[in-house]
Amino acid sequence: MKNIFLSLVTLALLSSTAAVANDGSLKIMCGSVGKEFSLCMAGVKTCSQKLGFNAEAVPAVNGSNNRFSLYSQFFAGKSPDISIFQIDVTWPALLESHLVDLRPYVSEAETKEFIPLLINNNTINEKVLALPWFIDVGILYYRKDLLEKYNKPVPQTWEELFDTAAYIQKAERAAGNKNMWGYVFQGKAYEGLTVNAMEWLKSFGTNFYDADGNVTVNSLKAKEALKLFTSNIGKTIPIGVLNYAEEDSRGTFQSGNAVFMRNWPYSYNLAQAKNSQIKGKVGLSPLPKGGKTGNYAGALGGWQLAVSKYAPDKKKAAAMVKCLTGYTEQKRRAIEGGYTPTRNALHADKSIARKTTYLKYFGSNTDHFVQRPSRVTGRKYNQISAAIWNAFHKALSQGSKANTSNALDTLAKKMKNLTPKKQVRK
Amino acid sequence: MTMHTTVSSNFEEDLPSKSIPKVRRTCPPKTNFLAQKSYHAWLFLAPVILVLLCVAAWPLFRTISLSFTDADLNDLASAGLIGFENYAFILSDSEWQQSLRNTILFALISVSLETIFGLCVALLLNKEFRGRFIVRTAVLVPWAIPTVVSAKMWGWMLHDIYGVMNVIFLNLHIISTPLAWTADSSLAFFSVVMVDVWKTTPFMALLLLAGLQMLPKECYEASKVDGIHPLKLFTKVTLPLLMPALIVAVIFRTLDALRIFDLIYVLTSGSAETMSMSVYARQQLFDFQNVGVGSAASTILFIIIAFISIIYLYAGKKIQQDA
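So the sequences go chain by chain: A and B. If you use the numbering used here, the first sequence corresponds to residues 1 to 426, in order. If you use the numbering used here, the second sequence corresponds to residues 1001 to 1323, in order.
Just so you know, these hints were derived from the structure itself, not from any lab. In this text the structure is predicted, and so the values were computed from the model without any measurement. Relax, there's no trap hidden among the hints.
Pairwise CB distance ranges, derived in the manner of DEER restraints:
1. B/LEU1053 / A/GLU96: 36 to 46 Å
2. B/PHE1061 / A/LYS35: 41 to 51 Å
3. B/ILE1082 / A/GLY213: 21 to 31 Å
4. A/LYS35 / B/PRO1142: 33 to 43 Å
For glycine and all other residues, C-beta sits at the position ideal for the given N, C-alpha and C.
Generate coordinates for the entire structure from the input sequences, incorporating the hints supplied.
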């Protein structure tokens, strides 16, 4: 098996590098979810004309776990083929040794034009490793029509959400809508579940780690939060969520089979599109609080542009990154694609805010953003995240029978072992 | 060695023995002939050996040597030797133990089912009937679809909310509420086995059909004359004669099943509960960038597969000798 596996890897490497055979132009690897790639291509074209050199966009594989594997192989081979990589919020620490420090190319005043939270996220050991390109935040989608029909308010706490979900689900099923469920989210064993779990914990006033980097995933609040979700599996949450990624949960919600859904802002335009079964029936709200004293919490996602250490011309690459994350280009992306910008000036601009789903509904308040613990975990992020999603997945799959206390104690032990000891923490 | 001796003895017999003195008769022609023969053999084999060395031996050697290091995908050059540490880690890792159990159970159940169904299909297709050609071709369709595509297709068909399988089973009153085939951990394993059986039974059937068509007609004609019961004919004649083909087919499938990756990766949630050994190795290699641990996992998988193949080959030989 090994030989086949390795030769496949070699083959994949060869073909991926062959696909971007160097013709001297600067290559930018960007995502291709929905409209993403065509927007990237247009932006690269504009910027290359403006800067006066050839540049070309190359599509990356979708799904952040797979994309990380692809990038790792480029970096392991020290490949000069791709100069600029579009990287996830959790990757700067993981890819630190392969990315160029952008400080020589970007002045401090220029970095201050970005939302501070994002620049901080991309700053590892005082090196600015990437410039933020667009933001994603976890939000709650609800069926406006159903809440109105049953005279229920938009839920402010998770407890309220599950009560409303149970009520509407029961009534709708009695009315013949047999497949109706209360709440769907991303419950597959992958990064998305870590994101959801972090939002639950934060809404209950806790997190995976405390501010000093101590593991707090087995705090009483965390156990209470997980208990609430495991006890709703099979009742208001379909067991199927255990295999749902973003698009699967959207499928269930958009086919009219769920009252509530947690997802990123991209689903809104699709749910409100002409061919959608729930067009005009969708409302947006922050994810609920955990109990009356909890917090509103939305996980911070989104993508950054970084320059590879193996890029042939780092100066040109940095200029391209600056242009693509610049004011004009981000404004165009916000208007044409609804992508949430990362610049303070664009958040303040009302005409832009109206065009992007997130800013339109939530404004530019960043207080309830929660970041994944990639700074504390450093190079171990993927391993710790996998430990988290596996533990939560296992507990959820046991439903109301799950012993959430034991599950989180075991997870905490595992996380303590994995968390780097001498990590420099801010 | 055996081949050489047979060749030389045949050669000696063919020679007109009386006219030539004994010494000249045996030695010189034999060496020339054999040397030339083996020279040509090596010449023709060289490209294949070269290719095999590049694509099989070298990666295998690299993997095994990397498995004794703390290699990191971020910086392969600075890898240092750490002895058997990776192996110790893997063998004590509960996720690895789970993946080992999953893989072996999967291989056992799916290969058994595929052998039974494949044999039934092969026996059926071995009979003459109208439209046999079309049926033979149609049977191969699941095997012809790339696994990733069929896994994704089954993923949609088995979806808990909008999957067609739930609708069919509900209408047939086999189930009373829709099931989450790929998400529910108690069902996910069953779903993987089912899709694998659906996909690979044609392969099994084809291999066995080829074996069936090679069987000597005389045995069947003789048994017809003797009026032997069909069931007895099957157990006493067909099955023993088919054994070599059956063993080859089962070995192929077992080796394939032990390194199952794509179906589980695409169809299930990817949790440690449903992980296979290959999924574990890939996760260590690329997601966690632990090339050392990933290589060690791959090496263990390689050893397991090699071990099982040897047992099969040995058992096969034994069965044939006994028969």
